[in-house]
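> Use these hints to put chain B onto chain A, whose structure you have.
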Amino acid sequence: MIEVKSKFGSPAKVPAWVNLALIPLINLAAALFISGIVILIVGDDPIQALEVLFYGAFGYADAIGYTLYYTTNFIFTGLAVAIAFHCGLFNIGAEGQALMGGLGVGLAALYLDFLPSWVVIPIAIATAAAFGAFWAYIPGYLQAKRGSHIVITTIMFNFIAASIMTYLLVEVLIAPGGQSPESREFAELSWLPFFHDFLPMPDTPLNVSFIFALLLSGAFYYFVWRTRWGYEIRVVGQNETAAKYAGISPSRNIILAMALSGALAGFVGVNEVLGVHHRLILDFTGGFGFVGIAVALMGRNHPVGIFIAALLFGALYQGGSELAFEMKTINREMVIVIQGLIILFSGALENMFRPKIESFFKRKKTTTAARA
Amino acid sequence: MIKQFKIAVLAAAAVAVSGVATADEFIPAIVFDMGGKFDKSFNEAAYNGAEEFKKSSGIDYLEFEVTQVSQREQALKRMAKKGASVIVAMGFAQASAVEKAAKAYPNTKFTIIDMVVDLPNVQSIVFKEQEGSFLVGMAAALSSKTGKVGFVGGMDIPLIRKFALGYVEGAKYANPKAEVFQNMTGTTPAAWNDPTKGGELARSQFDRGADVVYAAAGGTGIGVYQAAKDAGKLAIGVDSNQNYLHPGVMLTSMTKRVDVAVRETFATAKAGTWKAGIRVLGLKEGGVGYAVDQYNSSVLTKEVIAKLEAARADIISGKIAVTDYMSK
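Those protein sequences? They're chains A and B, same order as listed. So the first sequence is numbered by our numbering: it starts at 190 and just counts up by one. So the second sequence is numbered by our numbering: it starts at 2 and just counts up by one.
Treat the hints as calculated values from the structure; they're not laboratory data. A couple of the hints might just be wrong.
[Claimed, not checked] Simulated pairs of lysine-lysine, PhoX-like, Cα-Cα distance not exceeding 20 Å:
#1 320(B) / 173(B)
#2 198(B) / 173(B)
#3 230(B) / 517(A)
#4 271(B) / 285(B)
#5 78(B) / 517(A)
#6 517(A) / 55(B)
#7 517(A) / 285(B)
#8 230(B) / 198(B)
#9 56(B) / 271(B)
#10 178(B) / 308(B)
#11 146(B) / 104(B)
#12 78(B) / 104(B)
#13 517(A) / 303(B)
The following block holds chain A by itself, in its conformation from the complex (with noise of 0.2 Å):
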């Protein structure tokens, strides 16, 4: 937990509270109170709309379902930015990432989904893991050996990555006889199991790929903390010139990063095509990789603060649609108005409470120092 604090950077010695938990709470408090003014400015009543919203994402089996199911993909590409984040490096390529991991899940169901499912689930998921790496193995090389920045290389190969998928789907993997861009239905043992097929819920998109992200969340702590992999790709994040005089290669964890993140966000194509929709689609991402740059950064690039994080999101998917639902005033843009608060005030206005909240305390600790 040491290392998490330090590790953002300021010298401030706060209690890991205030760091872990009420910042981000109030940050989240400010961006709901103004999302409340807006939808009063909008004519409705913001209180019944947050209860909506609650009720929406937590209050019945279905929503915890959805919510959950959204929560995985969250975590799989929080999980992704962090390991990147603690490399110093900016990844916004995790949308493309998951796309091709996508593809190597969908590539393995389809070829292989006569063997029996011990086998194919393993196969599938270990090439969504090779593909998404590969996706960022590029421009993690680009930008190691080559110094092709990270933000603009990923940027680009998220738009190549949908182009690939585009052409695939429309001329190669298009189901034979069928319209709409999509790959044929995979047979149905390799389908990864649905929580409602062996749990007492009803029918939603939640399997066992959100066990699958929780356990990777523990590798994740693991890898970055307790191994040495982990301490070489921090150093070279907090400072490149003392990971060299240490003997530690930038470029070689500049790559290793980089490949790790996009392993996992290649995870999204588990969750999504071999849980869900079984069968590739085009735009089964919708905009999950880019919201794992908002979970990373909410989330401290810390296991736990991304579960959170992404549990928050995912309720703030889930619930955001039952209030599209439910309230007639509020409409999707509405909804992405409210998410997009909150992410402007975790993300982008990070530091506008956390000088203030920090020298607070600060103050509080020199006083009772003194005094001592």
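Below, chain B alone, put in the same frame as chain A:
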């Protein structure tokens, strides 16, 4: 005895009343796709159809605009659960969602537009866009001075290629030497709403000599029409009648009567004459066509209209065969 009888009567009455109440309550529903209901094109046409139904019948409808892929199935199921009598799903992309929702709610009526789903409680409405595009392709070639015409598609998918192919065939039918430039705006759903890029593509086609451009690109078309206006060229609208957008610039619009399809779906479901199965709406059924109104009377000449009408009759009679990209 009498008391018991009274109770029985009351109970029967209660059952009857509540039974009538549920059977009487007609709730139509519509699920718009990613473009949103105000896309000035496909979804908006459906919205207009639903609004017309609301005005004439006084019955309000449930609606939802999809922003996420997985919301399609969720929305359709939510509508069914809420007791919707008939649910219209807009767009080819909702096919697999309709398939799942229709299997889960076999007693609910579903209508999908632009796609075929073969289930006993699903009605599929598809349009012969190639026939309408053929006619506007003719109009473009006949009105062009350079013999070069352009096509700007939205997202590169089979449906839009279907528009393009009909357009090319129409242009070549009217003028065998006509040259047709084709561009797609993009490969992602963002291509439906990128007027800037649409304008760029139109301008590049004008630079190559085209003087009529047809946009089948949803909201992207707005930029194409603006570019045509700025360059003093002609443009052709799509889906809804868009002639009013730039009078004198819009040569015509390829109309696809999605509004009529939605209104009729609601009306037939209410009247009990709704039937599952495939409905194909082409020139013959009045499902597609080209728009003639006061806004384009100055650009679409009588001679051109006469030729288009002759071709329309020939297509309906089968004398002209327009290729369907989907069955190619």
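> Indicate, hint by hint, whether the structure satisfies it.
Status of each hint after checking the structure:
Using a Cα cut-off of 20 Å, the hinted pair residue 320(B) and residue 173(B) holds, with the two alpha carbons roughly 16 Å apart. A C-alpha spacing of about 27 Å is found between residue 198(B) and residue 173(B), which places the hinted pair above 20 Å, so the restraint is violated. Distance restraint check for residue 230(B) and residue 517(A): the Cα-Cα separation of roughly 37 Å exceeds the 20 Å cut-off, and the hinted pair is therefore not satisfied. At roughly 26 Å between alpha-carbon atoms, residue 271(B) and residue 285(B) are farther apart than 20 Å, so this suggested pair is violated.
For the proposed pair residue 78(B) and residue 517(A), the alpha carbon gap of about 19 Å is at most 20 Å, so the pair holds. Between residue 517(A) and residue 55(B) the CA atoms are separated by roughly 15 Å; this keeps the pair inside 20 Å, and the hint holds. For the hint pairing residue 517(A) with residue 285(B), the CA-to-CA distance comes to about 38 Å; that exceeds 20 Å, so the pair is violated. This hinted pair checks out: residue 230(B) and residue 198(B) have alpha carbons roughly 16 Å apart, not beyond 20 Å.
Of the supplied pair hints, the one linking residue 56(B) and residue 271(B) holds, its CA atoms being roughly 14 Å apart against a limit of 20 Å. Taken as a hint, the residue 178(B) and residue 308(B) pair is honoured in the structure, with Cα atoms around 18 Å apart against an allowance of 20 Å. Our distance criterion of 20 Å between C-alpha atoms is broken by residue 146(B) and residue 104(B), whose separation comes to about 54 Å. With a CA separation close to 10 Å, the supplied pair residue 78(B) and residue 104(B) stays within the 20 Å bound.
For the hint pairing residue 517(A) with residue 303(B), the CA-to-CA distance comes to about 47 Å; that exceeds 20 Å, so the pair is violated.
Violated hints, listed in ascending order, are 2, 3, 4, 7, 11 and 13; each of the other numbered hints is respected by the structure.
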